[in-house]
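**Student:** Got two chains here, each in a separate frame; can you build the complex from them with the hints?
Protein chains in written order, with the working numbering: chain A, 1 to 150; chain B, 1 to 173.
If you're looking for bench data, these hints aren't it; they were derived computationally from the structure. Please read all numbers here as calculations on a predicted model, not as lab measurements. All residues carry an ideal CB built from backbone N, CA and C; glycine is no exception. Just to be clear, a hint being listed does not mean it is correct.
Computed spacing ranges between beta-carbons, pair by pair [to be verified]:
(1) A/Q87 x B/P80: 45 to 51 Å
(2) A/I6 x B/C55: 22 to 28 Å
(3) A/V57 x B/K154: 55 to 61 Å
(4) B/D143 x A/F17: 35 to 41 Å
(5) B/D8 x A/T121: 33 to 39 Å
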Amino acid sequence: MSEARILSAPLVLEYPFSRTVGAVQGAFLTGLREGMVLGVRGADGRVICPPVEYDPVTSDELTELVDLPATGTVTTWSWEPEPRPGQPLDRPFAWALVQIDGADTGLLHAVDAGSPDAMRTGMPVQVRWSDEREGSITDIACFEPVEGES
Amino acid sequence: MTDIVLPDALRDVELVRSIRTPARLDYRFTAGEATSRFLRGIAEKRILGERCSVCGKVMLPPRGSCPTDGVPTTEQVELPDRGVVTTFCVVNVKFSGSAMELPYVCATIVPDGGDMGLFGLVQEIPFDQIRMGLRVEAVWVDDDELKPDLASIKWWKPTGEPDADYESYREHV
Chain A
1 MSEARILSAP
11 LVLEYPFSRT
21 VGAVQGAFLT
31 GLREGMVLGV
41 RGADGRVICP
51 PVEYDPVTSD
61 ELTELVDLPA
71 TGTVTTWSWE
81 PEPRPGQPLD
91 RPFAWALVQI
101 DGADTGLLHA
111 VDAGSPDAMR
121 TGMPVQVRWS
131 DEREGSITDI
141 ACFEPVEGES
Chain B
1 MTDIVLPDAL
11 RDVELVRSIR
21 TPARLDYRFT
31 AGEATSRFLR
41 GIAEKRILGE
51 RCSVCGKVML
61 PPRGSCPTDG
71 VPTTEQVELP
81 DRGVVTTFCV
91 VNVKFSGSAM
101 ELPYVCATIV
111 PDGGDMGLFG
121 LVQEIPFDQI
131 RMGLRVEAVW
141 VDDDELKPDL
151 ASIKWWKPTG
161 EPDADYESYR
171 EHV
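The following block holds chain B by itself, in its conformation from the complex (with noise of 0.2 Å):
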């Protein structure tokens, strides 16, 4: 540490070595039409996409049009709440206000027949087994906890089934 000179008056008191510096954004998110169906779904368990007419792939969460196409999602397209790990994150740093037991796995999860994916949370299995292609399906919280937040899925879990082929799913990694 560099010598530096004091005034006497701070020569025997303690210095400050670190300070607090938060960073807060404060938001009001409004979720748009076709998002606000989609979370509606949720709080009844359905996974709702919406269908691009012109790429007929299926968009999750829905943000009411399609982005390669710029036309509008109409048709509305229930997907299973089961599906495949394409991308995950083991999770070795703790987040204040985290309950989290670390480490833990963050993932992206296409549900089968969607096109996109939702990002959530894999347990039941240990961390180090988790890979690309785990066949996952989601683990809700009680009926009476239900809401239309993507928390009203608690994490997702391996269904035991054999991993998806690569093929099935590189186009959404």
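If we strip away everything but chain A, and leave its shape as in the complex, we get (with noise of 0.2 Å):
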């Protein structure tokens, strides 16, 4: 027999979810699209990025939300050796919880930095935005080193 005894073959398992998003979350994705980060008011006056729908400590509804600019520090990241199909970046990266500037909360994102070597708790880092935007975290592309500072 020429064929191999063992048979192999690709096997997908796919499901096409969608799901609707609620208001907050939804007004954080349109920002998105429209080239801005928003952040929602928290009970306490605590910005809160990504936003949620309810106070973390109070559980009261938040509807504020806050325009805060691309740029942010990074809190605490881990290097990405072998990025997967999918992942943000098709080269090594970090993923990275940044604090964007004026709020008091992390969001969990890619850095390209290159190699770890660049990459330090408290660096500085921007928005990169994708070329065309949807209205989905994938709208940042990723975060980038902001030049000139380290």
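**Tutor:** Now the structure itself:
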């Protein structure tokens, strides 16, 4: 028999889910599409980004969306040496919590730093927007180090 | 909907209401020796189970060992391409990528002489007449389309025989 004894074939499992996002996440994603980063004002005045619908301490409904700059600070990070298909970048990058300037919480995203040596907690980063934006977290292609600062 | 306060720049734009969140897993399925033998049989329109030397049950599709007794299954048993519907499900929800007309029926079919079921479609009978105990036979794809893949069985259709007695398949439900 010329063919291999053991059969093997690709097997793809895919669930084409979609979901509604609600008013607050919808506003955040609309902001991304328009090139803006939004947070939400918490009951104690803190700004939560990405925004949540209910205050994490008091459970109050949160409604005041706040326009934030597209810059922030890395608060913690982990290097991804072998990116997998579907991840934000196709070359090694850092997963990082980025505290957007003016916000009090972290946003999980990728930082295109080139090397783990270029990463550090406290480093300033800025949003690199995707060329085509559609109202998705991937409208932020990634974050990148702010030139001239370290 | 909650009355939210948006920055001015977003007051007149259309708001995002939903997102697509597909979940995708890319596997490579390697069948193993026993299942490879089974699948090669399927490409020849043959259903090949393997019998456990301890309990005597015929595994289908064979995985090379008996899940109860833990011994290798070494005796191949050819089964007919007809059997009994032991359980089924009426599908009323459209899946993307499926060309099936709704509603349709997925069933577990235990070929005569086998002790495990194959998963398949039941067609050529109105969906609301499909029942446990229904006698069915395989409808194969055209010979030039046969492959070592269970999709080589297009579906199962009623044989017209009287229903199987529940006692005859209760162990397989």
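**Student:** For each hint, tell me whether it holds in the structure or not.
**Tutor:** Right, here's what the structure says about each hint:
A hinted range of 45 to 51 Å for the beta carbons of A/Q87 and B/P80 is consistent with their spacing of about 49 Å. In this structure the hint that A/I6 and B/C55 lie 22 to 28 Å apart at CB holds, the actual value being about 26 Å. A hinted range of 55 to 61 Å for the beta carbons of A/V57 and B/K154 is consistent with their spacing of about 59 Å. Between B/D143 and A/F17 the Cβ separation comes to about 39 Å, which falls inside the hinted range of 35 to 41 Å.
A hinted range of 33 to 39 Å holds for the C-beta pair B/D8 and A/T121, which are about 35 Å apart.
Violated hints are absent here; each numbered hint is respected by the structure.
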